[in-house]
Every structure is written in C-alpha cells, then in structure tokens.
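Protein chains in written order, with the working numbering: chain A, 1 to 212; chain B, 213 to 634.
Since the hints were made in silico from the structure, they are not lab data.
Among the hints, a few may not be true.
As the list claims (entries may be wrong) - With the Cβ distance kept under 10 angstroms, some of the chain B side facing chain A (calculated, not the full set):
id: 1; residue: Asp366
id: 2; residue: Ala367
id: 3; residue: Ser403
id: 4; residue: Gly405
id: 5; residue: Ser406
id: 6; residue: Asn607
id: 7; residue: Thr608
What you are looking at is a predicted structure, and each value in this text was computed from that prediction instead of being measured.
Ideal placement from N, C-alpha and C gives every residue a C-beta, glycine not left out.
As a plain string of letters, each chain reads:
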Amino acid sequence: MTVSSDGIGSRALRGSDARVAALVAALGLCVALGALAPGAAFAQGDVPVRDGQWIAVGLGGGLDQVACGVCASTPKPGIAGHVRFGGTLSRRLLLGGEFDLWTRGDEGVRQFLASLGAVALFYADPDARFHLKAGAGAVGFRASEEGDELTALTFGITGGLGYDYPITETLSLTPFASLTLAPFADLKFNGDPAVGDATLGLLQAGLGLTWH
Amino acid sequence: MLDRSPPRLARLAVAAIGMGAITWACTNTPTFNNPGDVAPTGQLSAAYGTWTPGPFDTCSKEIHDSYSTVGPDGKLYPTWHPPIDPVTGCSFGHEHGADPSGSAIFDEIGPLPFGYANEQLDIYDPGMSRHEDHVGHKIEYENDVRMSFGGPADAVFEARCHLLIKLHQGTHSKDAFTNNMHEIMYHARCSDGSAVSMVFMTKIGDAGEFVDTCTGNHVHVGTPSPATSPDGGGKRIIPTRACAESLILVSAGERSNFGGLRERWEVSEQLRTTNRRSLVSINPYFNVSRPSRFFDPSLSDLTGRPMALCYETVGGLRARGGDCEEATREGEIQGIAYDDPRSPFDGVARDFDVNSLRISNADGPEVWYTDPLGGHARPDPFPGSIRQWIAVIDNTRGGADMHGPRIGRERDHGAPSVHPPN
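Please construct the entire structure, taking both the sequences and the accompanying hints into account.
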C-alpha cells in the first residue's frame, strides 16, 4: 500500500514569506553568477582585505525540512538569515561563531529553526574569493500556534560555500549557500515527547555582507 | 514502536542531496486476518438469512442471501450488496452504504461479515444476546484521507489514511431509542504506521435513553435490550416528536427545516486490556440526514414518522416546502406511507466525522483478543473473543494525535427503490 502526499507542496508555497524568500534567494543567485562571470565589472582581480576581526551578515531564502516517520515530506520555504563573526587565523582560514535563523508563517503557525555554533571558513589559496564553510552547534526548532508548540533541540552540523565579491577594500558582498543537518532530534508537543529520532534540515541561499 | 521512517543514514543522505521530498512508502504492513480466508464450517450465523422481501421489493430472499461471506469463525454471514442486484436487476429496497470493494484496503480486509460481533456475544455471554436487523449495517470508506494533528503539529506532521468503517445504525425503528450496543467494524491503514482492524459491539451513550436533537435533554425510554447493556461514552442524538413538530410544522411564510431531523450517533470507544489500559481510542460521529423515524411517546411502538408529518396540521401549522412538498407534489399525492419508496425520509443520506484515532500499543503485540464489547484484551483467544489487529505503535505523540475530517457526504447510497426500513 502506498499513500500519496500530494497537495502539500502547493500549500507550503503559499504566503508572503515564501515569496520574499524566493526573491532574495534569486537575487543572491544572480549576484553570485554575476560575480563568477568572466569580465564582471567591479573589482575583478582586486584582493579584498582578509585579516583581523570580521563580521558577516546574510539574508536569503531557506528550505526547512523536519524529517520523521510522520513528518510532511515537502520542504517548507521561508526567510533565512545569519550573523557570523570571528577572527582570522590566516588568509586561508577564518574561525568564528554563527547564528542562523529561518522562519515561516503559514495559516496561523509560526515556525522557527535556529542554529548557534562554531564555523570555519576555508579559502583554497590566500587570494581566493571562493570559500567553503564547515561548522557544528546547537539546532533548535519551534512551531507554535495559540499556545501550543512543537519543539526540538539537538546538535547539528553545517556546511556551505560563498564568494567574496569586493565592494571596498574591507567590505565584500558575499553570496552564500549552506546546508545544516541536525539528526537525532526529539520533537516535543507542549513539552511532552511526540516523535523521536527526527532530523532537522535547513538549506539556505542568499546574499551577505562581510567586513574585515 | 513500529518505525516506518527510512533508516537514519538514508534520511541524512536524502536530506543532504537537497532536502527533496521524502517519499514514504507503507510497506511490510502486517495484514489483517482476512475473514474471507477462513474455511467455512457450513454453519449459518444468526444474522444470515434474516431479510425477506416486502411489498416494494422485487428480489427474492435467495438472491439476497447469495450475498454472503465466511466470518472468522467459519460461519456464513450476510455482507454488502448493492440496492439493485446487477445480475437480475431486481431491487432489495435497502442499502448498506458504500461498496467496500472501492476501498484501497478491501483486498487486505475482505468482505465484512455483518453481525460477527453479535454472534460472538452470544458465545461470550448468552445472557447478553443482541441481534440487530439486517438493513442497519452501513458501510463507509474513504481512501487517502488527509488527517490533521491540531495546532502547530499540522505544519510539520502529515499522515493519510485509508478508512473502511461499518456501523450498524438503524434509523427506522424504535431499537436505538433504548439500545446502545451496535456492531462496529473499523479498519484504518495510515501512512505514519497507524493501523487497526477492529470489530466489536460499541456502546453509544447510556442504555435505555437517547439525547433529543432539539433540546439536548436525555430522554429516558425504558429497558434496553439486552437489559444488562452497559453504558458507554458518546451519545445517540435522535429527534423527539416535539422536536420534529417544531422543525417541520410551521406557519405560512415559513419553510420546514427537514435537515434538523438529522440523527447523530457519537461514538466514544476504546479497546482496553484486562487492566483497563487503553489500546485504541476512537470517536467517530455517524450522521443520518433524513431518518424515517422520530421518538413519539404517544404511539404504542414509540416510533413517529416524518412522512406522516407531511400530512399533519396542528393549530394551523403544517409542513411547508422542501422534502414534503416534493414528495407529495405540494399535497396532490395523498397517503404516502413511511415505507413507501417515494418517501424522502429513507435514511440513505449519511456521512461521518472520522475524528481521532489514538493507538497506544508501542509494546505490542499486534494481535489482541477482546470480549465482544472491546474489553479484556489479551494476547490469547478465549470463548467468544474477537481477534483485533493493532499496529505496534504509539501515535498519541504527546497530545498531537491525529484527527480525520467528515467523509461520505458526497456519496449517494440510495436508489429510487430504497425505502424504509433501511
């Protein structure tokens, strides 16, 4: 016996959150493609400053997925953003802390997925703009409506990539994409165990600014 | 707990690929012991062969009795048939609801043996014998029903169920004015692993009474049959004569409210172990829009007829508009009896609210044997017991248990030849 799950995706894609998220994600993608394109006008060939303390913020769209035996199979779009700051170990390695937040409002239910952890940014060579990100930390989920809430808190890992497109010597526009996965989550309904062994996931893409 | 989610590593891999749709496939579901698979003993159940044709019916008893199935006890039972025999074209004058073969789980469940729980009750407690008429067995099913979980859980959880349910819900006689024990068959297979196949006598409300549709008052009628019928949860909501009058007999310029005659049987039932631990809890509501009766204490059989109200005038008040005018062609046709196929009050318009399905069977086993009332569940059979199949799962989820919608409203179970008793 197979029971279909059609009809969920169309509902999930409704709502202003989804449209804003899609717009921001598309914008980020366009900028990223533009920056990678040969002959892109501004600062091609320039090497941005990459030392000392740094801070980065980003905003974009995100797809959240709570995976479990009774969880909806369609990822839910929403608005996602992050704040990241840290120090520079070398021109090839930055270390810092990162806070990510994804949210979505749909039919009276507000959902949040947040992560807080340590991240490392790797550049393949000292002058590279493209970088990879890896990290780990706590991941939490909350969906609430009229006093009821579904929550989870667990440990997750994150990975991603980005490209520093220099605007000034110390400021870069940074299109990014990242994936956070947090397995072994216990979902609780109003504090009582509801579903065990769930996996929280967040795929996000957008546009950020990085200051050194 | 039966873990129907993909393996942990596989889940991670799927998510990592891009968090695409995680397709859940219900596989390896242990099957219900299809009653149709049991070798026949040659014995007839008490429910078999009880229908005989009336003056409006053109099918023979033999044709009717050919619609039969073998129950889990090997006895022959009546089962679903259409209101019109497709082979001969004759009419039975009654219907049993939706054709269960349209259910996605029919192949697994098999034909439903009407009266099996009643039969087992004879064995379990001969002093509590309860035999219900043939026409009251009503089937409804729906495939791929989207369930809800309430509040924020609806945004995260998703489950769909195939449901196949039968209740004996007679709405043509005085039976339900006092009698609260009615056979129910409840089969569900859901995408989250929730699954049950239950058959038992459900106790709907208190024995000996019902609840008036209009006032909500409990109406004490008399001794139930059997006299030892235990009280149950829920209630049977049935209109009284006063209620029916207030709805149907109206003054000039008003229209009768025929929809108000609706009966609503609210089930609130559990399968329980010998130490009264709940294994399964359900509370479906069964609605009948145009029953052919109401409670009338002034009559010897206590059974008033909406059709008769179509011809009554009380203090200038009478039925106006709707069903009565259509049936009598605005009064041109006189003398339509309650059991005439022209009566619109035939009990064919039904639906039911699925409501909650809670299973607390995380430790198993899958197969339990209960008494015919759904109690004293234990893993081994005993005289008069009924085999119940319950998935090994706890789907209560901290209170985010699943609920189903109203189903069956769009189905037309009738035929022009269907008439009370139906």
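Taking the hints in turn, this is what the structure says about them:
no. : hint   : verdict
1   : Asp366 : holds, 7 angstroms
2   : Ala367 : holds, 4 angstroms
3   : Ser403 : holds, 4 angstroms
4   : Gly405 : holds, 6 angstroms
5   : Ser406 : holds, 9 angstroms
6   : Asn607 : holds, 8 angstroms
7   : Thr608 : holds, 9 angstroms
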